[in-house]
Every structure is written in structure tokens, then in C-alpha cells.
Amino acid sequence: AQSVTQPDIHITVSEGASLELRCNYSYGATPYLFWYVQSPGQGLQLLLKYFSGDTLVQGIKGFEAEFKRSQSSFNLRKPSVHWSDAAEYFCAVADNNNDMRFGAGTRLTVKP
Amino acid sequence: EAGVTQFPSHSVIEKGQTVTLRCDPISGHDNLYWYRRVMGKEIKFLLHFVKESKQDESGMPNNRFLAERTGGTYSTLKVQPAELEDSGVYFCASSLSGIQETQYFGPGTRLLVL
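Those protein sequence lines, which keep their order, are chains A and B. Sequence positions in the first sequence follow our numbering and run 1 to 112. Sequence positions in the second sequence follow our numbering and run 113 to 226.
Simulated from the structure, these hints should not be mistaken for lab results. Note that the Cβ used here is the ideal one computed from N, Cα and C, for glycine as well. Each hint should be verified, as a subset may be incorrect.
What the hints assert, rightly or not - Chain A is nowhere near these chain B residues, computed Cβ spacing over 10 Å in every case: (1) Ser123; (2) Gly128; (3) Ile155; (4) Lys163; (5) Gln167; (6) Leu196; (7) Gln212; (8) Gln215.
As the list claims (entries may be wrong) - Mimicking BS3-like on lysine-lysine, the simulated pairs with C-alpha atoms at most 30 Å apart in a straight line are: (9) Lys61(A) / Lys49(A); (10) Lys111(A) / Lys153(B); (11) Lys61(A) / Lys127(B).
This is chain A alone, in the form it adopts within the complex (with noise of 0.2 Å):
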């Protein structure tokens, strides 16, 4: 079975630096893989998702994520953070069933 792990459960960041926020993932076969973000007192909503071909992904609000099978990692990185940035990050693996499984989560802070 698949699994996630975002090894940070909180980041701060200054408004303007940029950010990296981990995860690994586990998983038998080809992953598809996601960024998901929640802000506060809304559902999760889809950043960015890899499935095949050029292991750079870009995603909507300036993000992108670089798949690497031999780390078995898929970082979400953004190279200036925004205010706005803040909120909860999840990252998540799904199998051939499109049963998705979903790390702990990654809370961003944004410092002014």
C-alpha cells in the first residue's frame, strides 16, 4: 500500500524567501503524485499533480514540484512566498484505483 510522509509539520517563512516543503513517499509501482492546499475554513484545493513525463511540475499560484524516483521525494518548492502562501500543505500518492493516500501535513507561517 502507499504512503506519505511530510517530515515537516510547521515551516515560517519571511514574505519574499523562498520555500521547499518536503515529502517522501512509498509506494510499489509508477506514483501519481499531488500538492493539495487548505486554507483556513476551506477545502483542499489542487496545486499541482504528476503523473508522467517531465519530472518538473508547475502548478497554479507560482508553485512547482520536482519528482525524483531515486529519493522517492516530490518537493514542492516556491521561489517567493506571499502572504497569502499561508495555510496547510499536503501532499498525497495514489494508486492505479485513484485511491489517494495523504501525508500529515505541513502548516505554513508567513513572517511580513
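We have chain A; now place chain B onto it with these hints.
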């Protein structure tokens, strides 16, 4: 187009009572999923419907939980009787058919069992 909706948004009940959560998927989405997040922990998969059939219910914690999707449209998740550890946020998601289809999530129902 309306997104995934969930009702109620919040529910506070006493241990031993029954609660029914409802999810209305995006129109035309055959796949419907239920997830739960207990405070501070990961979002856990509960089950997956394809139309009215249960494709995978391996995540259902025990037989106090009953999910239905009559007619392949909206779904309900009933907890009877509720226990303290059932507290959390219950998310519903829906998608079109196909392994590369995005799951669209509802805002969740926050359940508190006292």
C-alpha cells in the same frame, strides 16, 4: 459549475448519538470518496464509490460507520453510535472516471463528539 458540497459544515453531538453527513459531488462525477482527518493527523482514506457501488472500503474504521450512495448521486456517511474518537473533519471528494482525473474536495464537515 457548483463544486463538491457537504452538509452540515459543523456538528456537535454526544457520545452514543447518531450523525449523518451528506456529500453532493460535482454533477457527472461517477467517483466519490470519503476521507477523515483526526486533529493534527493525516487525512485518511475511508472509502471510494464508483457510481452506487463501493469500489474500496478498506479505510472504514469499524462497523459503526455506514456509507451509502443510492442512485449514484449524493452520498451519506452515518456514524452510529458515535464515539469520542470519531471527532475530526470529514472530507468528501469527487472525480470523473480515469486514473488521471483530479479529485475535487468539499469544504469538509467538522464533527465533534462530546
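To see whether the hints hold, each was checked on the structure:
Remark: the non-interface label on serine 123(B) is consistent with the geometry, its nearest Cβ contact in chain A lying 16 Å away (cut-off 10 Å). Separation of glycine 128(B) from chain A is adequate, the least Cβ-Cβ distance of about 29 Å exceeding the 10 Å criterion. For isoleucine 155(B), the shortest C-beta to C-beta distance to chain A comes to about 4 Å, within the 10 Å cut-off, and the non-interface label is violated. With a closest Cβ-Cβ approach of about 14 Å to chain A, lysine 163(B) is found to remain outside the 10 Å limit, as its non-interface label requires.
The Cβ of glutamine 167(B) sits about 6 Å from the closest Cβ of chain A, inside the 10 Å cut-off, so the non-interface label is violated. Chain A leaves leucine 196(B) outside its interface by the beta-carbon criterion, the shortest separation being 21 Å against a cut-off of 10 Å. The non-interface label for glutamine 212(B) is inconsistent with chain A: the shortest C-beta to C-beta separation is roughly 5 Å, within 10 Å. For glutamine 215(B), the shortest C-beta to C-beta distance to chain A comes to about 6 Å, within the 10 Å cut-off, and the non-interface label is violated.
Among the hinted pairs, lysine 61(A) with lysine 49(A) is consistent with the structure: their alpha-carbon atoms are about 14 Å apart, no more than 30 Å. Only pairs whose Cα atoms come within 30 Å are accepted, and lysine 111(A) paired with lysine 153(B) is accepted, the gap being roughly 25 Å. With a C-alpha separation of about 42 Å, the suggested pairing of lysine 61(A) with lysine 127(B) is violated against the 30 Å cut-off.
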